[in-house]
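Asker: Residue strings, one per chain:
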Amino acid sequence: MGVLLHAHYRLWGPHGQKIVMPAPVDKDTPNVPWWWDHLASQAADFQHAGFSAVMLPPVSKTASGAAPDADGYGLYDNYDIGSKDQFFSIPTRFGDSDRLRRMIAIMHACGLDVYADVVLHQYDGGNNGTYTYRGADGKTLNGRFPKHPSCFVGSPPRVPVDPVANPQGNFGFGDMTAYINSTPKGYMLNGAIDAGDWLTRTLNVDGYRIDDTKGMAVEAVRQFLDSKAMLGRFAVGEYFDANQSALHWWVWNSGMGGRCGVFDFTLHGTIQAMCNNSSRWWMGGLQNAGYIAIDPLNAVTFVENADTDLSFGENVMWNKMLGYALILTAEGYPSIYYKDYSTDPGCYGLKPLIDNLIWIHENLAFGATLTRWGNDPQVYVYERLGYPGLLVALNNDQGNNYQRTVQTSFGPNVQLHEYTGKHQDIWTDGQGRATFTIPRNVNGQSYLCFSRTGYGEAFSLNQRMTTQTFFGAADLDIGPAENDRAVQAGRIWCQQGTLIDATLKPDTAAGVRARESSPTFSMAWAKCWQAQNIRRAQWVGQ
Amino acid sequence: MKATANGSGWFALRLTGHGLPAIGTPYALTVTYTGTQEFTN
Numbered sequence: 001m002g003v004l005l006h007a008h009y010r011l012w013g014p015h016g017q018k019i020v021m022p023a024p025v026d027k028d029t030p031n032v033p034w035w036w037d038h039l040a041s042q043a044a045d046f047q048h049a050g051f052s053a054v055m056l057p058p059v060s061k062t063a064s065g066a067a068p069d070a071d072g073y074g075l076y077d078n079y080d081i082g083s084k085d086q087f088f089s090i091p092t093r094f095g096d097s098d099r100l101r102r103m104i105a106i107m108h109a110c111g112l113d114v115y116a117d118v119v120l121h122q123y124d125g126g127n128n129g130t131y132t133y134r135g136a137d138g139k140t141l142n143g144r145f146p147k148h149p150s151c152f153v154g155s156p157p158r159v160p161v162d163p164v165a166n167p168q169g170n171f172g173f174g175d176m177t178a179y180i181n182s183t184p185k186g187y188m189l190n191g192a193i194d195a196g197d198w199l200t201r202t203l204n205v206d207g208y209r210i211d212d213t214k215g216m217a218v219e220a221v222r223q224f225l226d227s228k229a230m231l232g233r234f235a236v237g238e239y240f241d242a243n244q245s246a247l248h249w250w251v252w253n254s255g256m257g258g259r260c261g262v263f264d265f266t267l268h269g270t271i272q273a274m275c276n277n278s279s280r281w282w283m284g285g286l287q288n289a290g291y292i293a294i295d296p297l298n299a300v301t302f303v304e305n306a307d308t309d310l311s312f313g314e315n316v317m318w319n320k321m322l323g324y325a326l327i328l329t330a331e332g333y334p335s336i337y338y339k340d341y342s343t344d345p346g347c348y349g350l351k352p353l354i355d356n357l358i359w360i361h362e363n364l365a366f367g368a369t370l371t372r373w374g375n376d377p378q379v380y381v382y383e384r385l386g387y388p389g390l391l392v393a394l395n396n397d398q399g400n401n402y403q404r405t406v407q408t409s410f411g412p413n414v415q416l417h418e419y420t421g422k423h424q425d426i427w428t429d430g431q432g433r434a435t436f437t438i439p440r441n442v443n444g445q446s447y448l449c450f451s452r453t454g455y456g457e458a459f460s461l462n463q464r465m466t467t468q469t470f471f472g473a474a475d476l477d478i479g480p481a482e483n484d485r486a487v488q489a490g491r492i493w494c495q496q497g498t499l500i501d502a503t504l505k506p507d508t509a510a511g512v513r514a515r516e517s518s519p520t521f522s523m524a525w526a527k528c529w530q531a532q533n534i535r536r537a538q539w540v541g542q
Numbered sequence: 001m002k003a004t005a006n007g008s009g010w011f012a013l014r015l016t017g018h019g020l021p022a023i024g025t026p027y028a029l030t031v032t033y034t035g036t037q038e039f040t041n
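Protein chains in written order, with this note's numbering: chain A, 1 to 542; chain B, 1 to 41.
The set of hints was computed from the structure by calculation and includes no laboratory data.
Watch out, some of these pointers could steer you wrong.
To be verified - Below, computed lysine-lysine pairings styled on BS3-like, alpha-carbon distance capped at 30 Å: (1) Lys228(A) / Lys214(A); (2) Lys505(A) / Lys228(A); (3) Lys505(A) / Lys2(B); (4) Lys18(A) / Lys228(A); (5) Lys351(A) / Lys18(A); (6) Lys2(B) / Lys228(A).
On a predicted model such as this, the values are computed, not experimentally measured, just so you know.
Whenever a hint applies, use it, and build me the whole structure from the sequences.
Answerer: So this is what it looks like as structure tokens:
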């Protein structure tokens, strides 16, 4: 199923404030790269480690501009992806639009999917519910998808709250949107769908994280995901609820119809309890734990994320590797928190250990799960039944090793290799049983992963092309085509010797048609520092 | 329009209109290409 890297994190600043990834605009870190460049520089490493997708922070401009608290969730302008001078910055906290498109193209070239984080629940930075944006000229307030008070929840002229998925779990941040109750009817939902379509096509993202789905009308999320370019692409919702049944209700019975998966907050709670309590937590509690136990194909599992990490009571403080050993050997689509993984300053640096588990996930962990030892206070053993088979043993006791003998499905007298390097090879006995000793829990590194011998293949790069659309219009971030004057539509980052294929069309969806019977565009591309190598072509359109 | 990248790095896409409305014409320029696998700024 793949492994997802959640490429977003926060740090504590020197004054106790939360800082969203270091950026070169901060006075203390002028030499760090933009986040988009930092991700791009690691793309090949991510793929070699076995990741299959990267989930970005929200890419649109927020009311915090590029400031240290600009985490992306205070959404201001859907159509500013680091491409308009608003809130004192053209780039977002993470970089400008050129860097964003380049990073995505590099990820694709390394065979990685890229998911966008879509914020639908709230906006921030308007003037009493009125949002106007700069257009392509950088001055006129004619930007696309302006908003007015009746787009948002509140007293008139605002509107009543939508029939959201979970009213008790719907918390206000900024201006809370109303997709069902806004007026004129359909304005907000159609506008969000058009903005999502634009974002998907101009960046070529492959899927979405939908933020705060508890506070969203199910009908709005479903329509968004089933419209235009979003149709059929991967989606996972943040339905922040530890109740297994609540997650299942939202995925299947709320009206979503299985269109969108969920982050497995149920399993996160279990992992948190297991890791933070060490020996005191009863390991038999892992049996049937999490949303993965009932709907693994719609469960995105995680140990930590950018919200839980710095929230006491929600974070996993110790023994994190026990949690990663679980999600990277269990069913579900595992998401690795960048700060846990990375060796960047301020991150937790678990990469060497997690890389080993990613390899196990992608090469050995297939099929249904069968508990082999599940009624034990300190040890839990389970088996993944798809070929070649995987036998996993976890021990949360900080004081003791444990020897266990369990039945397996490998068959009699089969040699099994332990793929984390913590145990010598073993042989199943004449009845297919395996006997092994699980090491005591030292920083969560008390897990074993046995499978048949002979596996060891490295991951290879599978190059993919990128298709991005540059939309030019007066109310967007790129201006329209003009007569007898060259305008720059954008820039792309290409590998030497590869094909570039461009198609140019008047954007009739923008409501403007060419008046002339046979207008023409001249289109040119130039390698930026080799303008003499301009190649020309002409396109004639109606 | 098709071309082959004659080097690795940025390529700028530029447009010039002829016989278009004076107010400017919205357009959609869709480009399919292959990024580099290594990143050098």
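Asker: State for each hint whether it applies.
Answerer: Going through the hints against the structure:
no.: 1; hint: Lys228(A) / Lys214(A); in the structure: 24 Å, holds
no.: 2; hint: Lys505(A) / Lys228(A); in the structure: 18 Å, holds
no.: 3; hint: Lys505(A) / Lys2(B); in the structure: 15 Å, holds
no.: 4; hint: Lys18(A) / Lys228(A); in the structure: 36 Å, violated
no.: 5; hint: Lys351(A) / Lys18(A); in the structure: 23 Å, holds
no.: 6; hint: Lys2(B) / Lys228(A); in the structure: 27 Å, holds
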